[in-house]
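Two chains, two frames, some hints: make the complex.
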Amino acid sequence: MLRFIFRRLLETIPVLLIIASATFFMLRLVPGGPFTAEKAVSKEILRNLQAHYGMDKPLPAQYADYLWDITPKRFAPWRLFTDLDRNESPDFDLKAAFGINLGPSFKYPNRTVNEIIADKLPHSLELGLWALAVALALGVPLGVLAAMRKNTSVDYAASTLAMVGICVPTFVMGPLLVLFFALHLRWFNASGWYFASDRVLPAATLGLVYAAYVARLTRGGMLEVLNQDYIRTARAKGATETRIVLRHALRGGLLPVVTFLGPAIAGIISGSFVIETIFQIPGLGREFVTSAFNRDYTLVSGTGLLYAGLIVALNRAVDVVQVWLSPRLKFE
Amino acid sequence: MSAPLQPRPILFPFLALTLAALLVSGCAKTGSTPAPNASSAKKILHVGNGAEPQDLDPQVTTGVTEHHLLMALFEGLVAEHPSGEGIAPGVAESWETSSDQLTWTFHLRANAKWSNGDPVTAHDFIRSYQRILTPVFAAEYSYQLYVVEGAEDFNKGALTDFAKTGFAALDDHTLVLRLVQPVPYLLYALRHTSWFPVHLPTIEKFGPTDRKGSAWTRAGNLVGNGPFILTKWLPNQAITVDRSPTYWNAAAVKLDTIVFHPVEDNNTEERMFRSGQLDVTETIPTDKIDTYRREHPELLRLDPFYGTYYYNLNLTRPPLDDVRVRRALALALDREAIVKTILRAGQEPAYHFTPPYAGYTPSDKLTGGLAEARRLLAEAGYPEGKGLRRLEILYNTSEAHKAVAEAVQQMWRTGLGVEVALRNEEWKVYLDSKDNLAYDICRAGWIGDFPDPHGFLEVFISGGGNNDTGYANPDYDRLLKSALGVPDQTARMNIYRRLDSLLTRDVPEIPLYFYKRVHLINPRVQNWVPNIIDNRGWQYIDIAPVPASEGD
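If you're matching them up, the sequences are chains Y and D in order. Here the first sequence is numbered in the numbering used here, starting from 1 and rising by one per residue. Here the second sequence is numbered in the numbering used here, starting from 1 and rising by one per residue.
One thing to keep in mind: the hints can contain errors.
In the EDC-like style, the derived pairs of lysine to aspartate or glutamate whose C-alpha atoms are separated by at most 16 Å in a straight line are [stated by the list, open to error]:
hint, chain 1, residue 1, chain 2, residue 2
1, Y, Lys43, D, Asp435
2, Y, Lys43, D, Asp153
3, Y, Lys39, D, Glu336
4, Y, Lys73, Y, Asp93
5, D, Lys516, D, Glu336
6, Y, Lys39, D, Asp435
7, Y, Lys43, D, Asp432
8, Y, Lys39, D, Asp449
Covered stretches of chain Y, as calculated for chain D (at least 3 residues, CB under 8 Å) [as the list claims (entries may be wrong)]:
hint, region
9, 38-45
10, 116-122
11, 148-157
12, 172-182
Simulated from the structure, these hints should not be mistaken for lab results. Fair warning: this is a prediction, and the values are worked out from it, not measured in the lab. Every residue, glycine too, gets a C-beta built ideally from N, C-alpha and C.
In isolation and in its complexed conformation, chain D is listed as follows (with noise of 0.2 Å):
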């Protein structure tokens, strides 16, 4: 007779499974969180932040995501201001300029140091701009400092000595910035992260300072002069940063701990909110406005937000080079209709380009209505459409840009009977087609660094690297280059006014609204105030502690 059997090791992988299981889960790095509504009375805002930064070095990354926690982790020359508008001083507590408004002067205050002890100085602003200049760091906001005289010339490799820009310290508190012309909104543009100073002694221990991406910035070696510091960092699950105890004005701080949620599902944040994993979110998922609107409007946050959502026509492509088939595609489109029924979160309908906030009003709008469009549409040799070859609208793949195109298809079809296609790209193929002008119609969106119409208006230079339509126009950009040496501010808005009746007038794109930035916010977080461009001044953000009636 054969031996028996073995007894069927099933149980065997099973337990070998489990047991590898709790093994694999002994490596995996996981940090326990402090949970929200613990008890102690240490004040902890958990925060929603859209995706995992790509780095925590001011000089390297672009991304909204990245700016909101670079302004806990350090601070430029002016700060946030508490209302949310305008300027408080930062590491500079004043400042002046020249008569020509070509020379500005910092006076950094005494007390402003650095996370690990150092005292800020203007020199590490100095050597700060330098390394974000520097040709070979390749950082891609570099040219947000080319205000500065040679600071162009020396990021592309023109200008090799430093010492000739426009940057100076006269000494350890006093920096200089000598600029190439006139810029009426420098002190708003300083306050992006591109011009952040940071700690050059602890970046040179970890590599070569003009490489990008050595480890200087991860947690227990950052060194930032902002309300907090760097605590944990573990990627995709969290970031904390607790409150300096080196900042100049840590007095003034509230926050004990700010937990970054880097959630990229809108849908999951949604319910971490509802689960009270989340004290504020990042958005709101488009479906869920109405519900919240309607049960809870006290954690629903609306606000406007400096951007604009557009169509860009291609002027290269016939029959969008007439004027008035351009102008009678604008005219035929219910704005209202879509903000009310699609994107729900009362986006404001734009008529003209330029966001009506930072003090700009437009002169001009889109005037006209169906009636107009048609007209135009007919004199332009299309009457009801006919003969108009059929157009498509490329945009990105996203179920709330495929609504408005949607809509939009539909109201051209109704009322100018003009059929358009949809295509949809993946976001770098579309970004691709956009740059190379391969389509007819294509969604864009453009939000302000600065709140500014400047910045706005510069879009649609010619060739300019953000305009993607062919449109040229000199007397346009002569007009754009002339409003930086004007000294009065009444008559710089005029001259944006006239910019932006150009491109009223000329239709380049089809502005259809202005963003909104929409949060879901726990009623005990307190001083969230509105900000046009949606910087958080994370120093005055308080948060009330958990009511003792509520218990674990």
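Here chain Y stands alone, though its shape is the one from the complex (with noise of 0.2 Å):
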């Protein structure tokens, strides 16, 4: 098994690397820099600009110095949660602990990319498993009842429900909670990301639309389960229903939900660009995709290579957990 990991995660060091040397290159062919300003600057000015980001070298040049940059230079995951700015809670502190140096950012001079997606990514990530739980939550015992009731009402409710979840989109879902929970029945904020209940409406929001893909996979899995003959022996044998779900049943059939949960989990945390910002969410889902607007070179290769890394590693480790629910599949 630990080969089997091994060798998956070796595989993954030439992806990342014509990752970032695909977006390096790009960001720089596309039309507008980062200097690029409604009020135009004098030239002198913007070769100033250029020098005090490294931008005056040759591209060959820039290219090695930010492949050097990126190169893990040690190893001391111990040091990952060194306090950047001393105010008592951990950062994720990637240039102490693996030597990895992302840049200064181009739209906010006083942040490198490096404290910028330490502060940033707790917040996707909480946004992101909140809703992740939320999904399962919701998905899997939904998914099963419409399983174990297949064709009566049950199952025609709970299969309509996941369509709606699954066809309404996050910015129409997230204003309509926001309208009716927050504005109406003010039980919470319209949006922020401060206090706990904060939490409750965005994860919802995400949540559902997950919770419906989870629902339709769950189902199909465990219907295709449920007609197995070793399913056969133990109903033969007088288990219950309910254990027959649960201890035999529910392992194969959540084989489907387990293989969507890899890249969901990385659409999830990468995707909510839209979630944050209808809840004015401080995460990096946003800085995503406003970095390459603003042509920040530094912050879209940083993030580009996290989202890069996060994906490459949950498709592993979905290899890995489908092997563990299924040692068959190891061989394939």
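Here it is as structure tokens:
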């Protein structure tokens, strides 16, 4: 198992290298740069600006510098949570732990990309994890129920609900929930990320969409498993339906969900731009998108690499979990 | 028999997830912000501020968002007047100018202090000016100081001894500016943040003073001389400023705390206003203006704003090199209809370029309607638009700009028989296209940095960085240059009228409307006066306490 994991990890290095390089060159080919502004700056000022960020060097030199900066130079993960700005909460210090320097941000001159990520990633992760919890807590029971009561009104209701959840976009669902729960009932704030109660509406909005997918996938997976011979054996032996479902069927039935979860988690964390905008959450999802509009070269590369790393890691994790759930898959 | 299957640990991953979420939420820094309507006696104002500020260093920033914040944290030689128009003394309590208007002497007040207790001296100003003009510092707004002798040379590296420029401190409380030519609007220009002083000893603690981006602007480090001090800065969440005990006019400051919320989405901002989280918004979604006008007009604020929305015409591309074609396009638009049905905030339709505020009124406007437009087009050789190639309107991606462009497209089609295509580009791509004249007709806007027509008419000098039309008129350039040497205010305004008339005659651009600032404001907010360049005098603004009858 360990060798399997290790081999998969090794395969990720060329992937990340290609992504880093592609991002670097595509950014510089796009029209407009970090200093393109509505009120024109003089040539001299532009030259000095470029010099400050090392952009006056020839492109291959910049590329080499960039690759060196993002290469991990040490292995000290215990230093990942040194306190960057002395405010008593742990920060995600990539530079101290791994020697990865993502550079200063172009748009926010007094912050480095490392700092921006350290500040914002935890918020996106928190949102994503709560949304995932909602998605699983709602989706799995709904799917199981639909599968157990196949072709009854319960099944149809659950499937319709799932369809609605998949079709209604988050930028419709979000404001609707805000309108009802925050503005009408006054149970929550309309947006913000200050109090524990501020987590409810964003997690619900994001979670509901994924709950719908999870429900459908669970239902499908369960139905397939429930037709297997060993389930029939269990039934013949007199096991209760609940025991059959929970102990025997669920493990196999959740396989499609697990496969889906890998990219879904990556999507929840990186694709929460809409939710973060609607609910004013200081997360990385929004930064990911706006940094491209700002042509903030370093921030785009940094967040791009981060998400690439996350997606790759999650896909590998999915591989491992799948093998754990069903050892037959190791040989596929 | 094989060993029985272990109990399905389905619950485990789920619990692990919840645990992980809780752990991460512990790692994530969130602050508690004083909630609006909190029942303490403190006066807290919650303001929607549009976007996360780039930085809080007045010599680095360029945007309006940052400007609002900096006006709370710093103060320049002069300050906003409580009425919203004119000048009030700031760090300088009095000033005078020489008879040739070239030398300005400012007398700084003795009790002006930085937030760490240090006195504000003329030397602070000199060192600040040197910093913003230092070439390697690469400040984008350093050109605002070019009115002073030697400033441009120093900034471009031609002059290396700052003592040879026109900035001088005669003693701790006397500052002298020697100008290149008379600048009648100097006092207004001094309100811009590029002229604000910074506390060099603090900056020195965090790195070389001629490099941008050190940690000196963080909460707890930043030292300013304004009515408020920076208490907390949670990126993308809130910036909290509290009243400064060392500000020379602290007794007159009404608010205890201002919380700036960087809300980018205007729909989110409007919902926050409705739920009571914000007292003032930065803007309003266009489609909600009518609703507010009908149902809650007391919450709506529409103030004139010193800016023009116009369409640039590319004079280097035929047939736009023919003034008759340009004029026809300009006359064939029903600006009233656009303002009324698309923009809806009561903007003023524009028939000339320079906004009629700040003591300026035009002498000439675009006159003549559709009939005249048709006649001009026919005279140019395109009767009823026949033979005219398909033109293209470029605008930066935005629903608002699209709506206006579509209206213009329709008006030209039905009125003149001229077909245009619409092209939208992302902001920076659009800026690039505009700079390189890679367009036929392109949407543009110009907001004045200070309330004087000079800044507007300067846009169209030959080869000007913001011209972007290919308009090059040596008469225009000469006339503009002569405006500053004229001592009499009326005569100077007359020159601007002539320049504006030239633009109206030559039509390098089609003016559409003059901007309006739109806000939603809680009726409890007081002294929020209209200010045409949207400078906020935070020291005057007040908020009435929540009435006792309203519970929480």
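Tested hints:
Restraint check for lysine 43 of chain Y and aspartate 435 of chain D: the C-alpha separation of about 13 Å stays at or below 16 Å, so the hint holds. Straight-line distance between C-alpha atoms of lysine 43 of chain Y and aspartate 153 of chain D comes to about 14 Å, which keeps the hinted pair within the 16 Å bound. Of the supplied pair hints, the one linking lysine 39 of chain Y and glutamate 336 of chain D is violated, its CA atoms being roughly 29 Å apart against a limit of 16 Å. Distance restraint check for lysine 73 of chain Y and aspartate 93 of chain Y: the Cα-Cα separation of roughly 14 Å lies within the 16 Å cut-off, and the hinted pair is therefore satisfied.
Under the criterion of a C-alpha separation no larger than 16 Å, the hint pairing lysine 516 of chain D with glutamate 336 of chain D is consistent with the structure, at around 15 Å. A C-alpha spacing of about 10 Å is found between lysine 39 of chain Y and aspartate 435 of chain D, which places the hinted pair at or below 16 Å, so the restraint holds. Our distance criterion of 16 Å between C-alpha atoms is met by lysine 43 of chain Y and aspartate 432 of chain D, whose separation comes to about 15 Å. In summary, the hint linking lysine 39 of chain Y to aspartate 449 of chain D is supported, as the alpha carbons are separated by about 11 Å, within the 16 Å threshold.
Coverage of a stretch by a chain is defined here by at least three residues with a beta carbon nearer than 8 Å to that chain's beta carbons; for the region 38-45 of chain Y and chain D the count is 7, and the condition holds. For the region 116-122 of chain Y, the assignment as covered by chain D holds, since 4 residues bring a beta-carbon within under 8 Å of that chain's beta-carbons and 3 suffice. For the region 148-157 of chain Y, the stated coverage by chain D is violated: 0 residues have a C-beta nearer than 8 Å to a C-beta of that chain, whereas at least 3 were required. Judged by the Cβ-Cβ criterion of 8 Å, the region 172-182 of chain Y is covered by chain D as claimed, because 4 of its residues qualify and three suffice.
Violated hints, listed in ascending order, are 3 and 11; each of the other numbered hints is respected by the structure.
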